[in-house]
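As a plain string of letters, each chain reads:
There are 2 protein chains.
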Amino acid sequence: MDNPVLVEVTRGNIVESRHRGSIAIVDADGKLAFSAGDVEQGIFARSAIKALQAIPMVESGAAEALDYDDAELALACASHNGEHVHASSARMMLFKAGLSEENLMCGPQWPKHMEDCVSLIKADETPCQLHNNCSGKHAGFLAMAKTLGIPTENYIDFDHPVQAEIRNVIEQMSGGILGRDVCGTDGCSIPTYAMEQHKTALAFARFGTGVGLDQERSKAAEVLYEACVNEPYMVAGKQRFCTEVMDIFRGRVFAKTGAEGVFCAALPELGFGITLKCDDGTDRGAEVMMASIIRSLLPLSDEEEKGLRSWEHQQLKNRRDILVGEVRPVEDFKRLLKTM
Amino acid sequence: MDNPVLVEVTRGNIVESRHRGSIAIVDADGKLAFSAGDVEQGIFARSAIKALQAIPMVESGAAEALDYDDAELALACASHNGEHVHASSARMMLFKAGLSEENLMCGPQWPKHMEDCVSLIKADETPCQLHNNCSGKHAGFLAMAKTLGIPTENYIDFDHPVQAEIRNVIEQMSGGILGRDVCGTDGCSIPTYAMEQHKTALAFARFGTGVGLDQERSKAAEVLYEACVNEPYMVAGKQRFCTEVMDIFRGRVFAKTGAEGVFCAALPELGFGITLKCDDGTDRGAEVMMASIIRSLLPLSDEEEKGLRSWEHQQLKNRRDILVGEVRPVEDFKRLLKTM
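Going line by line, the protein sequences match chains G and E. If you're matching positions, the first sequence starts at 1 in this note's numbering and goes up one per residue. If you're matching positions, the second sequence starts at 1 in this note's numbering and goes up one per residue.
The shape of chain G in the complex, shown without the other chains (with noise of 0.2 Å):
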């Protein structure tokens, strides 16, 4: 099945590049409410899904027994820019558990952003696993077993307890499978796995809601939720989609990116839960259609609606700053959306 085109990319009058894509939006008692392109293929939801794989640590009773705050649990579900704060907060929550950076497995990794590079060149420092975005996630999965007593070493293996409980997790809100015939091995060396579109869409649909989630898991979805759109900052950082439109919406949208253009979302006051994919694994991409998602789908206050456009059409500039082009939704995709 092709993905249709959702996104294109301007510069002067004439399109440049294209981007494919397939969406599934799904309620909490897994209907399909809107779909575009093949969404029983599976695809890996990446880091997208990192507030499902920190739900474990809440239901275990680390995230209490160590007093990790709302920036700390935001933390644990971000793809952070690596910045001053993103790296000393994922200290301080291993520091919380008795343990450090040199516990990580998940890789050193530089700063997204230049300026924070810059930062730590001239301290004469260099980037450490903290700073790698994945840090909080893994600061959390190691807190679970610590405070469980169970083995922090080899915490990213398939099958380490951490692990196999997020497996678990993920299939009982999603309803798919997670074996290792599916399993490839993610950025930050935990597995990662491909599973149907709209699975992962319910699984955030019963995320944002609690409905269809028992007592525990209800209370858990709702305290990360609750943390990560009270500190959008930790989720991402500066110039950032999930900081930026979380901080806008102010608890209507928590939305969270992934590597290779995936994206998920839950938007409580209509019940949903979304996942896209951009074919070609492009950011921009990925982006454009979340924007265009969201937009359609809630009624927007100005605020809102200024604050989306600059991820919906978003400009191109050069090296001298001259505006180029921009990457926008296609006329098609706009209308497509109206049929939602």
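Think of the hints as simulated: they come from the structure by calculation, not from any bench. Virtual Cβ for every residue (Gly too), placed ideally from N, Cα, C. Misleading hints may appear alongside valid ones.
[Claimed, not checked] Residues on chain E that point at chain G, a partial pick, calculated with CB under 7 Å:
(1) Ile-14
(2) Arg-18
(3) Gly-184
(4) Ala-194
(5) Asn-318
We have chain G already, so just place chain E on it with the hints.
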């Protein structure tokens, strides 16, 4: 017309992302030897045609008058990494013309690789216009203007004689028409034009063979071709397709990348020019496409086979250097190439 999927990105045993594209392979008489997808559509060839844009610098006598050597001529055709050797060579090109970095209008840019950024920062420097990947091309434009005694100011404008002469050369070599209606602004602020892909390919068939060009242009094309294949490090730099492939093939292949997933090449021994565009604008997609085409067209030595393989099957490693997947041609593309 839907361009075909040519490249896939795997994670574990599963395909995670896909790249579509269009390809035109043309001989110096303009005969289309092979095509995939829509090659009638106008595409911006961006930096992939820098070697054509450098022809007026040679034809005007500027390159000879200023005693530009092969490294400097190659830099005029380059999208370089902004390494020290590239920036200092661009400075020398300007110096020979009695000009300096201040005359450039390409804008500043950080070097491509973090290790070169670190060197700059540790030396308390900031990136300048010499580090812009297009600085050699711009130095060539300025050199031509200075030698001809025309204004060096605003050499990037559509109406400046340098840009008018570039249009003239490309129109003659391709048979295309480069008007304001198909003009956009490039990343380095010069005009870029959308043209049918097979026409750009024709220009490169002529560039590589001299067929259909008058003696002066044929000589200019030869001078630039030889400079690039003799000094491939100046065309790009470390860990770059253009540099490694031209280095391995020792004159058998001219290949040049451009932004938004375009790639042009000339294979003189077959008389072919090649232009391809990855629909979504992704470098990795365009690189794998070009590597697959070269493999299919040319008989390869063991060394050429080995060098090309790492670009045709690009290993994806994660932050702990674990192999997690690869970028590779799809089976249908390999079958399609066998029909050439």
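Verification of the supplied hints:
Taken as an interface hint, E:Ile-14 checks out: its beta carbon lies about 5 Å from the nearest beta carbon of chain G, inside 7 Å. Interface hint status for E:Arg-18: upheld, as the beta-carbon distance to the closest one in chain G is roughly 5 Å, under 7 Å. The beta carbon of E:Gly-184 is positioned within 7 Å of a beta carbon in chain G (closest approach about 3 Å), and the interface hint is therefore held. Residue-level restraint check for E:Ala-194 holds (minimum Cβ-Cβ distance to chain G is 5 Å; threshold 7 Å).
The beta carbon of E:Asn-318 is positioned within 7 Å of a beta carbon in chain G (closest approach about 5 Å), and the interface hint is therefore held.
The structure meets every hint from the earlier list without exception.
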